[in-house]
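2 protein chains.
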Amino acid sequence: MRATYLYGPGDVRVIDVPDPVIHDATDAIVRVVRACVCGTDLHPYHSMAPTPQGSSMGHEFVGVVEDIGGDVHTVKMRDLVIAPFVWSDGTCDYCREGLHTSCRHGGYWNAGGVGGGQAEAVRVPFADGTLVPVSVEENSPLIPSLLTLSDVYGTGYHAVRAARVSAETTVTVIGDGAVGLLAVLSARQLDARRVVLMGRHKDRTDLGREFGATDVVAERGEEGIAAVRELTGGDGTHVVIEAVGHMPAYQQAVGVVRPGGVISRVGVPQYKNAPIGFGSLFGPNITLTGGPAPVRAYIDTLLPGVLDGRVEPGKVFDREAGLDQIADAYRAMDSREALKVLVRP
Amino acid sequence: MRATYLYGPGDVRVIDVPDPVIHDATDAIVRVVRACVCGTDLHPYHSMAPTPQGSSMGHEFVGVVEDIGGDVHTVKMRDLVIAPFVWSDGTCDYCREGLHTSCRHGGYWNAGGVGGGQAEAVRVPFADGTLVPVSVEENSPLIPSLLTLSDVYGTGYHAVRAARVSAETTVTVIGDGAVGLLAVLSARQLDARRVVLMGRHKDRTDLGREFGATDVVAERGEEGIAAVRELTGGDGTHVVIEAVGHMPAYQQAVGVVRPGGVISRVGVPQYKNAPIGFGSLFGPNITLTGGPAPVRAYIDTLLPGVLDGRVEPGKVFDREAGLDQIADAYRAMDSREALKVLVRP
Numbered sequence: 004m005r006a007t008y009l010y011g012p013g014d015v016r017v018i019d020v021p022d023p024v025i026h027d028a029t030d031a032i033v034r035v036v037r038a039c040v041c042g043t044d045l046h047p048y049h050s051m052a053p054t055p056q057g058s059s060m061g062h063e064f065v066g067v068v069e070d071i072g073g074d075v076h077t078v079k080m081r082d083l084v085i086a087p088f089v090w091s092d093g094t095c096d097y098c099r100e101g102l103h104t105s106c107r108h109g110g111y112w113n114a115g116g117v118g119g120g121q122a123e124a125v126r127v128p129f130a131d132g133t134l135v136p137v138s139v140e141e142n143s144p145l146i147p148s149l150l151t152l153s154d155v156y157g158t159g160y161h162a163v164r165a166a167r168v169s170a171e172t173t174v175t176v177i178g179d180g181a182v183g184l185l186a187v188l189s190a191r192q193l194d195a196r197r198v199v200l201m202g203r204h205k206d207r208t209d210l211g212r213e214f215g216a217t218d219v220v221a222e223r224g225e226e227g228i229a230a231v232r233e234l235t236g237g238d239g240t241h242v243v244i245e246a247v248g249h250m251p252a253y254q255q256a257v258g259v260v261r262p263g264g265v266i267s268r269v270g271v272p273q274y275k276n277a278p279i280g281f282g283s284l285f286g287p288n289i290t291l292t293g294g295p296a297p298v299r300a301y302i303d304t305l306l307p308g309v310l311d312g313r314v315e316p317g318k319v320f321d322r323e324a325g326l327d328q329i330a331d332a333y334r335a336m337d338s339r340e341a342l343k344v345l346v347r348p
Numbered sequence: 004m005r006a007t008y009l010y011g012p013g014d015v016r017v018i019d020v021p022d023p024v025i026h027d028a029t030d031a032i033v034r035v036v037r038a039c040v041c042g043t044d045l046h047p048y049h050s051m052a053p054t055p056q057g058s059s060m061g062h063e064f065v066g067v068v069e070d071i072g073g074d075v076h077t078v079k080m081r082d083l084v085i086a087p088f089v090w091s092d093g094t095c096d097y098c099r100e101g102l103h104t105s106c107r108h109g110g111y112w113n114a115g116g117v118g119g120g121q122a123e124a125v126r127v128p129f130a131d132g133t134l135v136p137v138s139v140e141e142n143s144p145l146i147p148s149l150l151t152l153s154d155v156y157g158t159g160y161h162a163v164r165a166a167r168v169s170a171e172t173t174v175t176v177i178g179d180g181a182v183g184l185l186a187v188l189s190a191r192q193l194d195a196r197r198v199v200l201m202g203r204h205k206d207r208t209d210l211g212r213e214f215g216a217t218d219v220v221a222e223r224g225e226e227g228i229a230a231v232r233e234l235t236g237g238d239g240t241h242v243v244i245e246a247v248g249h250m251p252a253y254q255q256a257v258g259v260v261r262p263g264g265v266i267s268r269v270g271v272p273q274y275k276n277a278p279i280g281f282g283s284l285f286g287p288n289i290t291l292t293g294g295p296a297p298v299r300a301y302i303d304t305l306l307p308g309v310l311d312g313r314v315e316p317g318k319v320f321d322r323e324a325g326l327d328q329i330a331d332a333y334r335a336m337d338s339r340e341a342l343k344v345l346v347r348p
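These protein sequences, in sequence, are chains X and R. Everything in the first sequence is counted per our numbering, starting at 4 for the first residue and increasing by one. Everything in the second sequence is counted per our numbering, starting at 4 for the first residue and increasing by one.
Among these hints, one or two may not hold up.
Copies of the same chain look alike in the list, so a pair counts if it works inside one copy or between any two.
[Said to hold, decoys possible] With a cut-off of at most 25 Å between alpha-carbon atoms, the simulated DMTMM-like pairs for lysine to aspartate or glutamate come out as follows:
1) K275 <-> E225
2) K318 <-> E140
3) K318 <-> E141
4) K318 <-> D96
5) K275 <-> D238
None of these hints come from the bench; they were simulated from the model.
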């Protein structure tokens with residue numbers, strides 16, 4: 004089959020690899036119907052150390068089950084399934100607590116002999132724990148929105164859940180990528196009183212307004228901080244969602260959070276150390292939360308709104324590409340030409 | 004009157020200063036009945052830049068009201084009062100939310116023309132908002148426990164409240180100072196399932212066991228982390244209270260917190276930057292919370308237990324000194340000879 008590999012900065016190739024086969028009795032083989040490129044994929048796209056063997060890519064996909072191991076029970080042949088960006092056994096204590104990203108037997112795609120979603124097919128470990136079957140045809144117009152449940156919608160939702168957003172809460176979302184925009188949507192779903200979106204791409208912030216942003220701040224850094232503070236009577240907002248992962252976004256978050264408030268990070272941090280001392284987090288009693296979203300835990304909650312059309316998170320896809328054009332999809336997302344690219348294998 | 008000033012590292016002096024007088028109509032003058040030395044006082048005792056004018060000291064005191072301004076209504080002459088370690092107006096939105104440490108008109112003692120508690124008397128701004136009158140005589144044996152409501156008991160309680168400790172929660176407390184020990188007591192009050200105290204002074208950890216610690220780990224650093232992990236099946240505890248403030252304690256907290264758990268800091272951080280990236284907090288979805296405790300918010304909750312003797316937080320005082328011996332009190336606490344010194348002005 005064809006699969007996407009990254010060999011070094013900017014070096015995306017689609018190559019031939021062996022078809023995946025059942026390895027463990029709890030595996031399923033899923034033919035990929037739609038995958039996509041993630042903002043997170045752009046981090047290694049910028050900075051991975053070149054390797055001759057490359058790394059398989061993609062952690063978001065919707066597909067059809069084409070084979071199952073002898074110990075797979077809740078997932079059936081020909082099911083259309085959503086695959087979360089982490090696979091998990093679904094039975095350990097962490098999974099039962101809803102923290103599937105810390106599953107005792109789970110893991111990330113593209114590691115340890117498991118491939119990625121930017122391919123024609125994937126071997127899925129712990130199929131019963133990992134995959135969520137949906138009664139939808141593979142040519143349904145709902146597919147893009149269902150695909151966001153693999154990662155970006157669940158990640159935006161995790162950000163606001165971890166921050167305990169409620170009707171009393173004012174929220175700033177830093178970042179107008181897919182996760183930031185779906186954090187806006189999620190904040191509205193939890194009835195946030197006000198949602199300030201910080202982003203400078205008008206087509207994206209327009210979608211953010213459609214998703215429920217009440218204010219948009221295009222400035223960044225100190226200017227952006229001043230603008231949010233002016234909007235909020237000098238205080239900042241109760242919650243700040245950091246959906247970027249770079250240090251300036253973190254600094255911006257510290258700058259616009261209200262005393263006693265919460266910074267919730269879902270952009271994968273591209274730094275190890277950051278200010279958390281008296282002058283940043285401690286003095287004003289700021290809580291820092293977030294992490295990789297256990298999206299598997301949220302699919303049951305978010306799926307009904309997608310199925311009945313109340314929300315359309317799939318609007319974050321503004322471009323489509325065949326698998327053979329995926330290198331151009333990376334380029335277009337990296338240059339901010341495209342917000343998020345849907346990939347047809 | 005006599006008051007304690009710090010002039011540089013190790014240089015504590017008791018000097019004559021003018022008696023405090025009413026300055027604003029919302030002020031009260033409080034004659035100090037008992038004060039004490041705080042672990043936090045040891046930070047400037049180690050490292051303050053020497054100054055010829057010195058800094059007044061002390062932020063914990065219980066006293067008797069000797070004068071009030073024309074606009075003081077809930078506090079009366081001759082009331083015995085508890086003074087929180089931050090003064091606050093009691094009426095602004097932050098105070099109403101219970102975050103008195105961020106009061107819009109409040110402040111810390113020993114700054115801006117307001118003196119400190121290690122003195123014969125103190126001018127208290129916003130007396131109605133700041134002071135809590137208690138129907139107790141000034142020679143009551145309850146005074147030491149009431150004095151802990153100024154800071155260390157409320158601070159320990161803040162740590163466990165911010166971390167949302169409940170009957171489902173396992174807790175590690177790092178630090179066997181007064182705040183750590185009272186975090187143990189507070190965790191037991193919130194029914195924590197298990198409380199591991201990390202400390203290496205046996206007399207203190209014995210008091211910790213009396214306050215409710217179920218386990219004591221004397222090792223520090225990597226050995227200490229390994230010991231807590233061994234006690235907890237390899238996982239660490241849901242909550243870690245960091246009651247020290249130095250970087251090794253923070254690193255220890257990161258080492259013993261369970262995925263999805265909470266690190267709650269109440270030791271004033273003596274660092275600006277620290278690890279919060281993928282490998283420390285982000286990957287395992289660790290929440291970092293805490294800050295200076297709004298102890299004023301907790302006095303109503305904690306006072307009944309002190310008054311009826313259900314808890315005796317005053318047991319953290321293991322030495323008494325007159326004001327003129329306060330330099331020796333600092334020395335004894337700094338050398339860990341004394342846990343916490345009660346001061347009689």
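For each hint, the structure was consulted:
no. : hint          : result
1   : K275 <-> E225 : both (22 Å within a copy, 20 Å between copies)
2   : K318 <-> E140 : within (19 Å within a copy, 69 Å between copies)
3   : K318 <-> E141 : within (18 Å within a copy, 69 Å between copies)
4   : K318 <-> D96  : neither (35 Å within a copy, 39 Å between copies)
5   : K275 <-> D238 : between (28 Å within a copy, 22 Å between copies)
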